[in-house]
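Q: Just so you know, the sequences run in chain order R, H and E.
Residues 1 to 279, numbered by the numbering used here, are exactly what the first sequence covers, in order.
Residues 1001 to 1264, numbered by the numbering used here, are exactly what the second sequence covers, in order.
Residues 2001 to 2155, numbered by the numbering used here, are exactly what the third sequence covers, in order.
Just so you know, not all the hints are guaranteed correct.
Some, not all, of what chain H presents toward chain R, calculated at C-beta under 10 Å [what the hints assert, rightly or not]:
id: 1; residue: E1079
id: 2; residue: E1130
id: 3; residue: M1135
id: 4; residue: E1136
id: 5; residue: M1137
Hint data in this document are derived by calculation from the structure and do not stem from the laboratory.
Backbone N, C-alpha and C fix where the C-beta goes; we use that ideal spot for every residue, glycine too.
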Amino acid sequence: MAAYSLGNIVQSANFVEIRNLNFTYDTRPILKGIDMDIHKGQVVAIMGGSGCGKTTLLRLIGGQIRPTGGHVRFDGEIIHELDRDALYETRRKMGMLFQFGALFTDLSVFDNVAFQMREHTDLPEAIIRDLVLMKLDAVGLRGARDLMPNHLSGGMARRVALARTIALDPMLIMYDEPFTGLDPISLGVIGNLIRKLNDALGATSIVVTHDVQESFQIVDYVYFISEGVVVAHGTPEDMYASSVPFVHQFIHGEIDGPVPFHYPALPYPEDLFLERSHA
Amino acid sequence: MLEHLDRLIRKTGHAGIDAIWRLGYAGKFMFLTLIGSGTSFRRFHLTIREIYFTGVRSLIIIVVSGLFVGMVLGLQGYETLQRYGASSSLGVMVALALVRELGPVVAALLFASRAGSAITAEIGLMKATEQLSAMEMMAVDPISRVVAPRFWSGVISMPLLAAIFNTMGIFGGYLIGVVLIGVDEGSFWSQMQAGVDLRYDIMNGVIKSFVFGIAVTAIAVFEGYDSPPTAEGVSSATTRTVVTSSLSVLILDFVLTSFMFRGA
Amino acid sequence: MERTTLDLWVGIFIAAGIGAILLLALKVGNMSSFNGSNTYQIYAYFDNIGGLKQRAPIKSAGVVVGRVAAIALDPKQYKARVTFNLDRQYQFSKDSTASILTSGLLGEQYIGIETGAEDAMLKPGDTLAFTQSAVVLEKLIGQFIFNKAGSGNHN
């Protein structure tokens, strides 16, 4: 049982280190003291119910928002202490796949994948072409290069976005809900690609998801977040065996548990008009 | 009663602080846009692409409206001028009305509803579908890559559109006045040339349309960038762009006119 | 960078816009705005300028040779001091006369210059000695009625 203990993790190889991370939106606390360690080469899943702050966590790692407390250390640098130029420099080492792909709708598949190469390098167009085709081939969509994003199915769009994410061979790849809204076949394809690309590129991956079946097959380590804190972490096997009530409810998809079925409300009879009008 | 008043005062105060906050945010945004404008000129094809969407796509509405506004001016102007036997001044009346006021103002209003709303909707949708976030994560600044080229395309397009509007309007006035009604062609053009001054009338008109271009596109890009990332958010931002930029054009027109055409 | 049809359209648009500005400048407006470097200024005092406005044309033999640059009241003589901007290519003799005229019965007022007989020409900054004030319609009508009344008394 690994819950609440970080002692068994080797400290030296921390590629992403998160310490006591807090984030408050307006007055609503979203993250309340998160600690995480992610090692080079790992595929790590961050799981939790909808709206528990998983996406916020990714944005904090990417430096798009500033934490209200604690820090994120990526490749030796504390993200929120970087100035703008250094942050942009650091982001080139990261890739992020957004929930619905976030492809540029005014650019073709080819131009989407070529976007970063054209923005950040002075490579000649011929080399860009070859690189783009290699990336597209890796996700199996070399033939779709001339399509526009609105002609792609959800699964294909996700794969193009993946090709775009890995365009400049990032060291850290972040996935925001990569499995949402996909049919079972696309689901398998994306899951497979996440693992394959991570190992082929020698990268590190963070997958934010609530899809237990798909992600447990491909990840090395899992963090469970509930109400802004890490409630459990360990390998997928550990998690299946976990006795933490939230994890148990989450993995087995039980209706009621620590996460109640009912949104907080008045007692049922009190809330109904019937009672009062008869009284 | 007192409670009601209290709530009203609180609400007004909140709205006031909010408006000033937003104004400051808009100022910062415009500053960042200007700072990030280097890309729009270094990679001018980005701006050219946007000129196509803001300028070229607005051509038809500008040409047609210009023609009809000029034709109406020709009809109404003749109607009034001939009462005083001054129908030969039709040319100068049409030209001055267009060059000084109607050209810059009407072209800017059309531009706001045609191109301004499109800019807001496009940037708003890019934000709602996380395209701007994605760009940021790719270490590309969305303000210099997305906002600045659109801003400059509007600033460049607006004076050109206003000039085309004026030309079409004068042509429309000529069609009605000279071809249809039969005002003397020579006096139509010569009175126009004698009465319209290059620097005083035409240059001031161009300056006006330039200022309107800045105002309309600045509002459009800001509303798009600031819109809540939802469908309603984008649609209400688009409406706000048209309303705010139209009002700004009319107010700015009054201010500029009182500076430019004073005591003449 | 390859050329696309989009570039062509933008090219057409920019050319049309610049063409429109040039057309307005050349065909609609007059280039001679008489306030640039190729003009010179002279002054004239009038008892009454009537409805003369700034930027009104200055004509000689019907040809526009300049514009009124400024109008001010001279606080010592209680006369209107009018500044003329004249085109450098037109020179007038020192004893020229400037009069305020009206184009047509109800038309705008302008200044007419008639050159005199002297050989010396007006230099920039000079003041015209001979001026003729505007004809004020009300005074004219008043005089006419007065004369009528006067002549009526005689009969």
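Q: If a hint holds in the structure, say so; if it doesn't, say that too.
A: Status of each hint after checking the structure:
| no. | hint | in the structure |
| --- | --- | --- |
| 1 | E1079 | violated (49 Å) |
| 2 | E1130 | holds (4 Å) |
| 3 | M1135 | holds (8 Å) |
| 4 | E1136 | holds (6 Å) |
| 5 | M1137 | holds (4 Å) |
Checked against the numbered hints listed earlier, the structure breaks hint 1 alone; every other hint is satisfied.
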